[in-house]
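Okay, here's what each chain looks like letter by letter:
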Amino acid sequence: MQLSRQIQAWLLLLPALCLLVAFTHYPVVKTVARSFFGFGVQWEDAASLDNYRYLLEDEVLGQVLYNSFMYAAITVPVSIVLAIAMALWVNSKMRYKGVLRTAYFTPTILPMISVANIWLFFYSPEIGLLNKLLALVGHSGYNWLGDPSLSLYSLMAMTIWKEAGFFMIFYLAALQTIDTNLYHAAAIENASKWTVFRRITFPLLMPTTLFVLVNALLNAFKLVDHLFILTKGGPNNSSNLLLYYIFENAFSFFDTAYAAVLTVVLLVILVVLALLQFGVIEKRVHYR
Amino acid sequence: MNRITHYLSTGLAWFIGFIWLFPLIYAVWAAIHPSEFATRFSLFAPLTLDNFKEAWNQAPFPRYMINTIAITMIILAGQLVLCTLAAYALARMQFKGRGFMFALILMQLMVVPEILIVENYQTLAGLSLIDTYWGVALPYLASAFGIFLLRQTFKTVPEDLENAARIEGCSLLGIIWKVYVPLAKPTYLAFSLVSISYHWNNFLWPLVVTNTENSRPLTVGMSIFGAPESGVDWSIISAGTLISVGPLLILFLIFQRQFVQSFMQAGIK
Amino acid sequence: MWMNKVKTTVIAGALCALAAPAMANTELTMFYPVAVGGALTKIVNGIIADFETANPDIDVNAIYAGNYNDARVKALAALQSGDPAQLSVMFSIDVHELMDLDAIVPFDDVVTTDEEKAWLGSFYPALMENGVVDGKTYGVPFQRSTIVMYYNKDLFREAGLDPEKPPTTWDELAEMGAALTKKNSDGNVEQWGAMIPSTAYPYWMFGALTKQQGQVLMNQDGNETYFNAPKVVDALNYWKDLGSKHGVMPEGTIEWGTLRQNFLEQKTAIMWHSTGNLTTVKKNAEFDFGVAMLPGGSALGSPTGGGNFYLFKDATDEERAASLKLVQFMTSPEQAALWSKETGYMGVSPAAYEVPELAEYVESFPPAAIARDQLQHATAELSTHQAGRVRKLLDDAIQSVLSGQSTSEEALNSAQKQADRILSRYR
Amino acid sequence: MSSFLSVSGLCRYYDGAAAVDNINFEVSEGEFVALLGPSGCGKSTTLKMIAGLEQPDAGDININGKSVLSESPGKRNLSMVFQSYALFPHLSVKENIVFGLKARSVPKAEQKKRLDSAVDMVDLRPHLDKKPGQLSGGQSQRVALARSIVSNAPLCLMDEPLSNLDTKLRADMRSEIRSLQKKLKLTVIYVTHDQVEAMSMADKIILLNKGSIEQAAEPEIFYEKPETTFVASFIGHPPMNLISCEDVQIGVRPEHVSLVDESGLNVVVNESDYQGSETIITTTYQGSIIRAILEGKQSIPSGSSIKVRWEPASEHHFSTKTSKRVDTRPGLLPFQ
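Protein sequences, first through last, are from chains P, R, U and Y.
Sequential numbering of the first sequence, starting at 344, is according to the working numbering.
Sequential numbering of the second sequence, starting at 471, is according to the working numbering.
Sequential numbering of the third sequence, starting at 80, is according to the working numbering.
Sequential numbering of the fourth sequence, starting at 13, is according to the working numbering.
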């Protein structure tokens, strides 16, 4: 007698499910619990809202949340627009486009943490490349990472550099599936390039854009590697991001309980994004 | 008019391409010249390999490299096996609670392990897996992204192929291995490359969970080695960076065509 | 026959068990940080190798763990994971936090012989300040430093200043700094007078400025801070004025990590930095440079800094004895002398400077003694309970003032208020 | 002859609706049985249950007198040819053919022997190293057959194997499959919706409708003695005319209807459809459609009135109430 399909199905699912529960669902539950029961690295017997009370008093948090949202709100659209442009270029009849594709994609495979040191050189005042270039045109330059009004944007630039090429691949894949007859039809209509893009290419890339958008948003909340090298969230938290702040609280301040509260905040943000994603998936079904 | 926009567009494309490649170009420049030329450009700067030697001596790169390769491979192998099994169950088997299980798995797409470093660290400490390959790998072995991707691909495999294999006497695992896996090859390739480049470069979680050279991967090694606290020496850092990304870079340059193509075939879009 | 076999096995087993402690080496794991340049791991490994040669029954696994914070995280992580380190070099200011976590034991409980007690009393008193709590010694100085002033003698000459007379007061620093600041034809500065780093460890640099005003930042118990004391506000105003008023220093924050490079490329004539950088600067400077004590306000002063040895609670008696041996070895005058010469960190005891090697080195290279000479003016580094959080409060306040986001009063009042809230439960 | 395969009381429900509803039949060894019916009649589901690809909700399947319900498909000792051919696109023709032998760990030498003989039987020798993607429809079909042949399984299930081929090829393959079956003494269950295939190939036809058997018999019986109006209207091209008359329906095959000048049924012509060797005219009689096949080209204008008739002996009668055949009251229609 063969095992029932039901049991077989569960057996196949089991290993993945166990690990997912152990490293995704269980920690989520425990984080929420710790946010109520935790004190420093310890557990208390009774639940309290003390950690959440500190959340309200935490002056840094507001800044960190603002930074995180700005970070997402700017890096995501810019990366996507660049990614579309790159995909169009690489998909066109340009010569040596293979080289170009490699160039665009290279940042994706470079570790953020090593390359951050090189970006540190670009950004460094006095001796850094950017200010030296500015000096050529007689400009005194900026303190890219040391000026609170610039530091976050400097981080964003590196993030965009890192992400755009990765998203390009998705668009490239999507572009190749577009029926060329549509372009022939447009050519017969004598449509301009811009019209073709706006009326044909862009709408057909919409499902990809939605998919990339959600992924980029999620990425924006977890991409903090370069902070470890470039700014450590400074000066004065002007470039601090939520996940880095969680890391600081947990591993520099040994305040696991407050880190748990911050994680809950991040989870709430992600749940909202998740709902967005379900909406997106539903939309995608209509496209298919 | 049209021609001008064409040239402008081409020019912009190459300009951005240059900027995108520039950090790597700079790293090569800084690495092969003495450190006084790290912040200065001169055509006649003397060439040297000392920076590589110095970097090599300052950090145990071979060990880091072995760690990174081992971790990346453990994760990849685990992901491929676990995700294949789960994806098949979700794509082709009828069982109670399938929809719910799928939703439960998809949760991980949003709640990535990076966010749960604190609790996962505690769990692994409880299992005495801190500072081991498995400690770095475990939270990533079951990848919702992989399961999702493979499930979509498996659903496109004609059911008759599976039926034929069953009639020819294949077991359940035999069917998965002989029918579904070969047919999903592009998806596996695309997923593998994404996974490898992700975990080769992953930093935050390994930083938290590794303590020593026993398990410390290249990224964490590089962050210690190149930490600004110790005073930045770009020449040596660049050399170290090149050493650490070299293998991946070469792998990418060799496979980039297949990589992009498999992405397209896999329908990741 | 069968019984015999069992007997033999049992006896053999028992013998092995008895023999084991005598045969097996004591294994020690220690973490250590490096916060300044150079291949310090090599030097540490060399010392460890010497120690193992001298003590063949002890194996030491010395792990380079990154910066001070990393080292602390890793050491505590090892503790939690059940594979603990027996001793570690960690930030001298971690002491309160480590005690709160009940992770460390005082050296007083471990030293027994008079000789060992004498050793514990052999260090410079200023270096012990951060390590002593409630009259017990928890931290023994190892890679210790003070902040010193590096200056470029060539640029001094160029500016018409006496290269043997670096600034000794705040006013002089501002004046000479102005003379040393050079602008190009566009009016852009191409060479700065002075730089004080304000990332990574801004509170440390600030500790120097406040000490020079005769004010400490916290009490010995680490449960009170004086962030908004008037002299502290003055100190921060002076730091800010160097940039905004005197124009001898760039405004905004100055990166700790790249400052040495700035100095080496002659983008700044003066830098304040750890003595730990001395050897690297000496090796790489292509110009004549000098090292001096920090200039004074109402007094001279610098905080000490760097790493101390700590003994962890989670260890057997043998391991603890072996740990003590290792600490004694690594802080012995001979090793301290070697360490100081190789790195620029100071010799931790007066005896170290009597070791001929270091004595000769100091004679041939006087800057090597500046950190030691400055010790008489030194104070403890900012160290409190919940040190990480409290430190960040001060760091943020300093950075917000230097980058022009708020005034010194506002920023320091706010920092003090928050520090009070954190520390009140430790009073 | 004892039955080789017997299906009894077979039921299968999807969402409460019966796809297969109490089906019983027996197949002898070496017999070619066609499961015929319109789409959705349950013929493919029945086949899949015999193969073990689906589990019945009730009933039993015996092969060689033993119930195989608890056996997995691979253990039932049968082979199957799919409508889509189900060739593995990543394997060469050769690998596709020996796929099952490998899965069953048949010795290499034996594999080669069986491969060789099968390949010769279906003429695939020049294509052995090609991938399925490079093959034509007919060649793919042959690979599927070869895979079935090498298995040496005595029972072969075929699920509309020819429906993806063009008309001419289909005719060729029909006879080829039939001769293969005879040569190998295979027992074949052949699912099709094409009555021509069933009529021309099968020893026995089982006609299914809505999950139940309408009739099971030799092909000629289907033509000569349809048991229900459904069978009557399913077999034949065009199908049998059914004319309502009081409590019976009269069935006449179009080929038995002839055009007469007098003493026939008055009908009105709707259209005439010229098909080369013959013309099919469609007429109406009191609300019933009557088709007639006439030789050669006949052009009769639409709307004109003509007379038709047939021999009373070629009439079939069905009860209006049950739709079942009744063998009383011949020659019911008065031909004036």
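Calculated directly from the structure, the hints in this document are not laboratory data.
Quick caveat: nothing in here was measured; it's all calculated off a predicted structure.
Even for Gly, the Cβ is constructed at its ideal location relative to N, Cα and C.
Worth double-checking, as some hints may not be accurate.
[Unchecked claim] Under the rule of at most 25 Å between Cα atoms (straight-line distance), these lysine-lysine pairs were calculated in the DSS-like manner:
| id | chain 1 | residue 1 | chain 2 | residue 2 |
| --- | --- | --- | --- | --- |
| 1 | U | Lys244 | U | Lys261 |
| 2 | R | Lys655 | Y | Lys142 |
| 3 | Y | Lys309 | Y | Lys319 |
| 4 | P | Lys475 | U | Lys244 |
| 5 | Y | Lys333 | Y | Lys237 |
| 6 | R | Lys523 | U | Lys362 |
| 7 | R | Lys655 | Y | Lys319 |
| 8 | Y | Lys106 | Y | Lys195 |
| 9 | Y | Lys319 | Y | Lys333 |
| 10 | Y | Lys237 | Y | Lys78 |
| 11 | R | Lys655 | R | Lys625 |
| 12 | R | Lys625 | Y | Lys143 |
| 13 | U | Lys310 | U | Lys496 |
| 14 | R | Lys523 | U | Lys496 |
| 15 | R | Lys523 | U | Lys121 |
| 16 | U | Lys196 | U | Lys362 |
| 17 | Y | Lys143 | R | Lys655 |
| 18 | Y | Lys216 | Y | Lys78 |
| 19 | Y | Lys78 | R | Lys655 |
| 20 | Y | Lys106 | Y | Lys78 |
| 21 | U | Lys121 | U | Lys496 |
| 22 | Y | Lys125 | Y | Lys197 |
| 23 | R | Lys625 | R | Lys566 |
| 24 | U | Lys121 | P | Lys475 |
| 25 | Y | Lys106 | Y | Lys87 |
[Stated by the list, open to error] Residues of chain Y clear of chain R, computed beta-carbon distances all greater than 10 Å:
| id | residue |
| --- | --- |
| 26 | Ala30 |
| 27 | Ala63 |
| 28 | Leu65 |
| 29 | Ser96 |
| 30 | Ala98 |
| 31 | Pro101 |
| 32 | His102 |
| 33 | Gly112 |
| 34 | His139 |
| 35 | Lys194 |
| 36 | Ser256 |
| 37 | Gly299 |
[Claimed, not checked] Some chain U residues close to chain P (C-beta under 7 Å, calculated; not the full set):
| id | residue |
| --- | --- |
| 38 | Thr278 |
| 39 | Asn341 |
| 40 | Gln345 |
Tested hints:
no.	hint	in the structure
1	U:Lys244 x U:Lys261	holds, 20 Å
2	R:Lys655 x Y:Lys142	holds, 19 Å
3	Y:Lys309 x Y:Lys319	holds, 18 Å
4	P:Lys475 x U:Lys244	violated, 33 Å
5	Y:Lys333 x Y:Lys237	holds, 19 Å
6	R:Lys523 x U:Lys362	holds, 18 Å
7	R:Lys655 x Y:Lys319	violated, 68 Å
8	Y:Lys106 x Y:Lys195	holds, 22 Å
9	Y:Lys319 x Y:Lys333	violated, 29 Å
10	Y:Lys237 x Y:Lys78	violated, 34 Å
11	R:Lys655 x R:Lys625	holds, 14 Å
12	R:Lys625 x Y:Lys143	holds, 22 Å
13	U:Lys310 x U:Lys496	holds, 17 Å
14	R:Lys523 x U:Lys496	violated, 51 Å
15	R:Lys523 x U:Lys121	holds, 14 Å
16	U:Lys196 x U:Lys362	violated, 38 Å
17	Y:Lys143 x R:Lys655	holds, 16 Å
18	Y:Lys216 x Y:Lys78	holds, 23 Å
19	Y:Lys78 x R:Lys655	violated, 41 Å
20	Y:Lys106 x Y:Lys78	violated, 34 Å
21	U:Lys121 x U:Lys496	violated, 44 Å
22	Y:Lys125 x Y:Lys197	holds, 19 Å
23	R:Lys625 x R:Lys566	holds, 18 Å
24	U:Lys121 x P:Lys475	violated, 36 Å
25	Y:Lys106 x Y:Lys87	holds, 23 Å
26	Ala30	holds, 19 Å
27	Ala63	violated, 6 Å
28	Leu65	violated, 5 Å
29	Ser96	violated, 5 Å
30	Ala98	violated, 4 Å
31	Pro101	violated, 7 Å
32	His102	violated, 4 Å
33	Gly112	violated, 3 Å
34	His139	holds, 19 Å
35	Lys194	holds, 23 Å
36	Ser256	holds, 43 Å
37	Gly299	holds, 45 Å
38	Thr278	holds, 6 Å
39	Asn341	holds, 5 Å
40	Gln345	violated, 10 Å
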